[in-house]
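Participant: Here's the letter readout for the chains.
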Amino acid sequence: MSRGGRTRHVGLPRWLFGPALLAAVFVVLPVVAMTTRIAWGDFFSLVSSEAARSALWLSLRTSTASTLLCLVLGIPLATVLARSEARWLGVLRSLVLLPLVLPPVVGGIALLSAFGRQGLLGSELEALGIRIAFSTVAVVLAQTFVSLPFLVVSLEGALRTAGERYDVVAASLGARPTTVLRRVTLPLVLPGLASGAVLAFARSLGEFGATITFAGSLEGTTRTLPLLIYNLRVTDADAAVAMSLVLVAVAVLVIGLVRPRGAL
Amino acid sequence: MSRGGRTRHVGLPRWLFGPALLAAVFVVLPVVAMTTRIAWGDFFSLVSSEAARSALWLSLRTSTASTLLCLVLGIPLATVLARSEARWLGVLRSLVLLPLVLPPVVGGIALLSAFGRQGLLGSELEALGIRIAFSTVAVVLAQTFVSLPFLVVSLEGALRTAGERYDVVAASLGARPTTVLRRVTLPLVLPGLASGAVLAFARSLGEFGATITFAGSLEGTTRTLPLLIYNLRVTDADAAVAMSLVLVAVAVLVIGLVRPRGAL
Amino acid sequence: GDDGDSKGADGKGGDKTVLTVFAAASLTKTFEELEKEFEAAHSDVDVKLSFGGSSDLVAQITEGASADVFASADTANMDKLVAAGLTEGEPEEFATNTLMIAVPPGNPAGITSLADLTKKDVDLVLCQPEVPCGSASAKVADAAGLELKPVSEEQSVTDVLAKVESGEADAGLVYVTDVTAAGTKVEGVEFPEAADVVNHYPIVAVKDAKQAELAQQWIELVLGEGQKVLEQAGFGAPTP
Amino acid sequence: MSALVDVTVTERDVDVSFEVADGETVALLGPNGAGKSTTLSVLGGLLRPDAGRIVLDGEELTGPGTWVAPHARRTALLAQDPLLFPHLSVLENVAFGPRSTGTGRRAARAAAEHWLAEVDAAELAGRRPAQLSGGQAQRVAVARALAADPRLLLLDEPMAALDVAVAPALRTLLRRVLADRTAVIVTHHVLDALLLADRVVVVEGGRVAEQGPTSEVLSRPRSAFAARFAGLNLVSGVATPDGVRRPDGLLLHGTAATGDHPPPGSPAVAVFRPSAVAVHREPPGGSPRNALAVVVTELEPLGDVVRVRAGELAADVTVASVAELGLAPGSDATFVVKATEVDVYAQ
Amino acid sequence: MSALVDVTVTERDVDVSFEVADGETVALLGPNGAGKSTTLSVLGGLLRPDAGRIVLDGEELTGPGTWVAPHARRTALLAQDPLLFPHLSVLENVAFGPRSTGTGRRAARAAAEHWLAEVDAAELAGRRPAQLSGGQAQRVAVARALAADPRLLLLDEPMAALDVAVAPALRTLLRRVLADRTAVIVTHHVLDALLLADRVVVVEGGRVAEQGPTSEVLSRPRSAFAARFAGLNLVSGVATPDGVRRPDGLLLHGTAATGDHPPPGSPAVAVFRPSAVAVHREPPGGSPRNALAVVVTELEPLGDVVRVRAGELAADVTVASVAELGLAPGSDATFVVKATEVDVYAQ
Ligand SMILES: Nc1ncnc2c1ncn2[C@@H]1O[C@H](COP(=O)(O)OP(=O)(O)OP(=O)(O)O)[C@@H](O)[C@H]1O
Ligand SMILES: Nc1ncnc2c1ncn2[C@@H]1O[C@H](COP(=O)(O)OP(=O)(O)OP(=O)(O)O)[C@@H](O)[C@H]1O
Ligand SMILES: [Mg+2]
Ligand SMILES: [Mg+2]
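Residue numbers (the working numbering), protein chains in the order written: chain A, 1 to 264; chain B, 1001 to 1264; chain C, 2001 to 2240; chain D, 3001 to 3347; chain E, 4001 to 4347.
Same shape as in the complex, but just chain A (with noise of 0.2 Å):
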């Protein structure tokens, strides 16, 4: 009798509370205190410099770009695992783990061992005068590398959470495979859908040893925020954290708007 409305909530074990409690304070703490550490005198023009607003602007384009580019791999690579039975997807579904495993600076040299210019593809790529390193595209392919698993993880769990009970019912009245997944199968999971394109999105907004190895850092061009806090940090440790604590309020809002009621 739990269908919808305004069902009781089971009552949960008190004691679960002060874990939980633990748990957010041990997250929300240290970027708590980071915030103590930063001179606000000084805020507002280092955030309004042309840096920051160039490296902000950079960071906000390449992270849209990887999450939609995300989306457009990761859909159809988590239906596939999560409805095919075939023996060997087993171990695709763990070589598409690599990328979380991977140090994203080795992430980077990956990236180049096979789209540099010296890499595996170079020589093809070079012949069509394409050349991705170093250049924004190839900060939108590392962050890419680095967030497809998240989304993919998200979504494949969601799909087997789901189950094929109304994808079945949905083939019995008629429709073909293909509006199945866009009528049913798709709507169904849209939450798990919106945690895994928030996850990927946030990824590649904090995303830096991938993108310094493969993309370098380059003004207006490769340099995202994280790169930029990295250089301030060289010159300025307070600026960086200041800056930091820009990327945050960022993604925070970015999320809040973007998610729908529900997800994540």
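Simulated from the structure, these hints should not be mistaken for lab results.
C-beta atoms are modelled at their ideal positions from N, C-alpha and C, and glycine is treated no differently.
Mixed in with the good hints, there may be bad ones.
DEER-style ranges, computed between Cβ atoms [stated by the list, open to error]: (1) C:Ser2043 to A:Leu186: 21 to 29 Å; (2) B:Gln1118 to A:Thr64: 34 to 42 Å; (3) A:Phe43 to B:Val1091: 18 to 26 Å; (4) D:Asp3022 to B:Leu1068: 46 to 54 Å; (5) D:Ala3117 to E:Gly4058: 17 to 25 Å; (6) B:Phe1044 to C:Glu2090: 37 to 45 Å; (7) A:Ser49 to C:Gly2188: 23 to 31 Å; (8) A:Ser49 to B:Gln1118: 26 to 34 Å; (9) A:Pro13 to B:Leu1068: 15 to 23 Å; (10) C:Glu2088 to A:Ile38: 40 to 48 Å; (11) C:Lys2036 to A:Leu22: 46 to 54 Å; (12) A:Arg14 to B:Leu1021: 49 to 57 Å; (13) D:Thr3318 to E:Gly4330: 49 to 57 Å; (14) E:Thr4010 to B:Ser1049: 38 to 46 Å.
Using the hints, position chains B, C, D and E with the ligands against chain A.
Facilitator: Frame of chain A, contents of chains B, C, D and E with the ligands only:
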């Protein structure tokens, strides 16, 4: 009629396999390309060196510890987030994502601001004789900080998708909240929980920026595999790549062994 | 092309020629100042600086990043680029740097000499031996016959300074310029053994640079007018 | 355990109140969407009412400022959907209730085995819920609710999906089990109400339409739904000295079988059995004083006779007379009832 | 569209084969777990059989090496669980089938409104499935299946959970809709089979126990389940010249009502109506030649009479005689049937 068994899958649209394959290639190709750079001759002497073994062992220990800590803290937090309806939880939910967006190095700074000698809790901890920085504990804390959001987001999504129908039935049969949680809620989201734990473990294993900032890098105490890889990179990029491969292999192995059927 | 992108992105617009300079992270402050001077003198030029660890920058250039000038924090990395045949002409040394002990303000551990760093209750942080300041630290210690036991071997000078600034560590070994740049956040303790180990900064134009002429002019600026700025930042004069 | 129920759920337009005496079984009857499941949810503590009170055996479970959590109520609910725990075996599902309320592992297992045997599902003990057919799942769900041994048992259509052999057996079991238990049961089948319930509460449109002892309500219903449920014809209107006058003016002659004839002018109902109705093609003359012109809507074989339905009214006639009269859905016909067969009483 | 079904699902021990003629409605009957839903799933292409063939109107849907995807079969399945799409409104749910098979938005909407009105759920059009009661959801699911306008309609217990007023109306609707349609329907209610099905297929333990035209199977059943379903008493055994001898040796005297008496020694059944059975406390003397000693298991009121059940057998007697005989569950009794009331035929 979709309950379990040998249910025939609703076919997937054919066109879906195109982008799915592209996605898989995009993730796998760079890693494969990287392996082509490895000088296999030196590989075994390199990976069996004292430094490598000690780093690997440290990485495994700390990642396991931080995954456990994530479970202890994350399960309650995710449950509260998924099951309570209080408004302010929306804010908390966004805040928990912070470590995802923060560049890891900034995460390290934030941790120092909270738990460092001059941090918010510094004097209290000092008074208790606790010194966290430069210790293995710091590594575990840094890894937990960056990994916790993964567990919480995955698990919360799974809890929401699973819904409360069965919890309600259990309560009506006389099960108190703790029993419901232990015997119904968590077993039902086991795949989501496992996915979350795997994500957290993978993220911990690959963690670099927060660790170096908050915990430093000393062989045997705080120099995990990613830190070793970074060290090696300066002198011998190929060696770094070889060690990365070890990291990847370990991750895939551990994940493959630990993962319950159907999870992820 | 990324040129078009960069112009659109940074809003500077116009058809300015872009000069790309790759420089070691320790040169950030000085080179940013030189950028202003250079752009003032060349109104149609936009200087783009890319900072990083010297080895990272070498790797990037090797992988095809388009740079016009490369300024390294040590000779070893410069030699790698030369060996790869990616340099135009001979690298020229434009600055030197020596080590200094950095301590938190007030010097809570009371460090006065290199030997104090070996005290048991002093939390010392060093650069890892693989990076220039780390190998310099090791050489200094060897020369003085001391065995330094750090609590952490950091990846870069920045990380060493961060640990000292935050008070986490009681002392660290960094370059004079780093102490100067950090201002009041750390104090410097000089020690005589530092003079034994001098770090050399070479600069070179990159082969097939898009702006070969401007690259040469930048190098001239660094070797000439720029010396004042470098001196202010604490760099030593290049060895003759 | 006696129960006192008075609940309002505004969003669903439900506002019912009734009582359940100690050891009594009450059947909740009513059309789809009347609010039966809603009432059970509120009783079980799964839905919080907007207003009202629930008192079980003197203890207030729900009321202004009072709220007892579902698990503390000891009111096991068998919902309309079996909802067996998918990760537990059938045996573990049934043992869940006893285990949760503190019974030891072995005793809980024994109890589960006992109840599974009672619902004729002993051989399913080791299966997963996903491997059960619809009726099997329903039986296991019944066993699970019974094994919880609640103070107040709430059963929402427990006999749905059962085959013709199991249904009577389960009904017998429930009759035995419910005999000395306080229970509320929702059903759409008259046999369940007749055999299992001491009293019935008829809910229509979220309000109690009538209530009373089962045999009384089902033999002398006052609401259209209860009459339909009991298989009786009911015409409601205003009492006259001779019978009941429908709003459309038609007078149905009849007498009070028991008790007093309702005072003329008061709302009253006229009730008669379908088997007392004769069907003609033309309005007949002669002694039966009531003739209702109708259009046949449906013919249903019913054992040896055919039930001729005409809207709300029904007549049972032999197969031979259906053929003779040439009845079919859409035919005009006249339903004729002797006044002596029509029972009149106050609504 | 005619259908030819022959499927084997080893894991569930189901192996059935039957045919459905063009425009015919077949009722699948059988105990819980017999394999009815399994058969429908296989027909709809939701479960792949281990062996067998399904041919719909000459086109092989399933067979060695053939597999037509569910969406291409045009066999709408109403499953035992309504499974309305939770993210779509009721109207959108019903319009889903037409939309999926290429009907324009407006036409699909009109079709959905039409079918919703037919199942008396027009006023629910704007709701979400979560806001429906059990019976309302069931009706919407029926409308959704009908709106898909399939070549072969598969209905799994479409009348479950419906109230007494809606059930006859929906049955009338289905009768009209199914008249010229090829359909397979699963039900546990004899009225549904009688009114909706041209033929019945009785499945027991995963095998077809008997099949034939509805009226024939239900009036002269050969399987225990079909007899029970039709409300008849059935005793099976071996034919003797006088009747049928049960395996326990008891001889039931009877005659073949139509056709020939089965050859002695062949398997045969003796069938008689409960109303033909008289109940005594002691074995009587006199003319009725069949006396079966039984233990009463259950008493069920059934309109004007009481059905006395004794295991598989049943007798209908008046309320007065139940009281007179002092019958109660557990009483010893003798069921007495005249030989002329016992119909004997080959099994
Ligand atoms: N979650 C809900 N939110 C809003 N309205 C609901 C919800 N569930 C049910 N309703 C509505 O409340 C009313 C009562 O529903 P309820 O489920 O109690 O009916 P019911 O008497 O059990 O019917 P049925 O015999 O069909 O099971 C119906 O009009 C129904 O549509
Ligand atoms: N997913 C499954 N896996 C394995 N066995 C199953 C599965 N579903 C059903 N069964 C078993 O297969 C047999 C046939 O089940 P099916 O659902 O076809 O029965 P049914 O005739 O529809 O019964 P009911 O009248 O109870 O709905 C039963 O023994 C059941 O327990
Ligand atoms: Mg209901
Ligand atoms: Mg079934």
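Participant: Between Ser49 (chain A) and Gly2188 (chain C), is the Cβ distance one that fits in 23 to 31 Å?
Facilitator: Because 29 Å falls inside the window, the suggested range holds.
Participant: Given the hint of 18 to 26 Å, check if Phe43 (chain A) and Val1091 (chain B) actually sit that far apart at their C-beta atoms.
Facilitator: holds, 22 Å
Participant: In this structure, is the beta-carbon distance linking Arg14 (chain A) and Leu1021 (chain B) contained in 49 to 57 Å?
Facilitator: Given range 49 to 57 Å: holds, Cβ gap about 50 Å.
Participant: Falls inside 46 to 54 Å, the C-beta gap from Lys2036 (chain C) to Leu22 (chain A)?
Facilitator: holds, 50 Å
Participant: So does Thr3318 (chain D) sit 49 to 57 Å from Gly4330 (chain E), Cβ to Cβ?
Facilitator: Because 37 Å falls outside the window, the suggested range is violated.
Participant: Between the beta carbons of Ser49 (chain A) and Gln1118 (chain B), is the distance compatible with 26 to 34 Å?
Facilitator: holds, 28 Å
Participant: Assuming the hint says 34 to 42 Å, is it satisfied by the Cβ distance from Gln1118 (chain B) to Thr64 (chain A) or not?
Facilitator: For Gln1118 (chain B) and Thr64 (chain A) the Cβ distance comes to about 38 Å; the hint holds.
Participant: Starting from the range 46 to 54 Å, see whether the pair Asp3022 (chain D) and Leu1068 (chain B) falls in it by beta-carbon distance.
Facilitator: With Cβ atoms ~52 Å apart, the hint holds.
Participant: Given the hint of 17 to 25 Å, is the C-beta distance from Ala3117 (chain D) to Gly4058 (chain E) inside that range or not?
Facilitator: Since Ala3117 (chain D) and Gly4058 (chain E) have Cβ atoms about 49 Å apart, the given range 17 to 25 Å is violated.
Participant: Can you let me know if the beta-carbon spacing of Ser2043 (chain C) and Leu186 (chain A) is within 21 to 29 Å?
Facilitator: The hint (21 to 29 Å, Cβ to Cβ) is violated, given that Ser2043 (chain C) and Leu186 (chain A) are roughly 55 Å apart.
Participant: Should the hint that Pro13 (chain A) and Leu1068 (chain B) are 15 to 23 Å apart at their CB atoms be regarded as holding?
Facilitator: holds, 20 Å
Participant: Is 38 to 46 Å a correct range for the gap between the Cβ atoms of Thr4010 (chain E) and Ser1049 (chain B)?
Facilitator: For Ser1049 (chain B) against Thr4010 (chain E), whose Cβ atoms are near 56 Å apart, the range 38 to 46 Å is violated.
Figure legend: structure checked against the earlier numbered hints; hints not met, in rising order: 1, 5, 13, 14.
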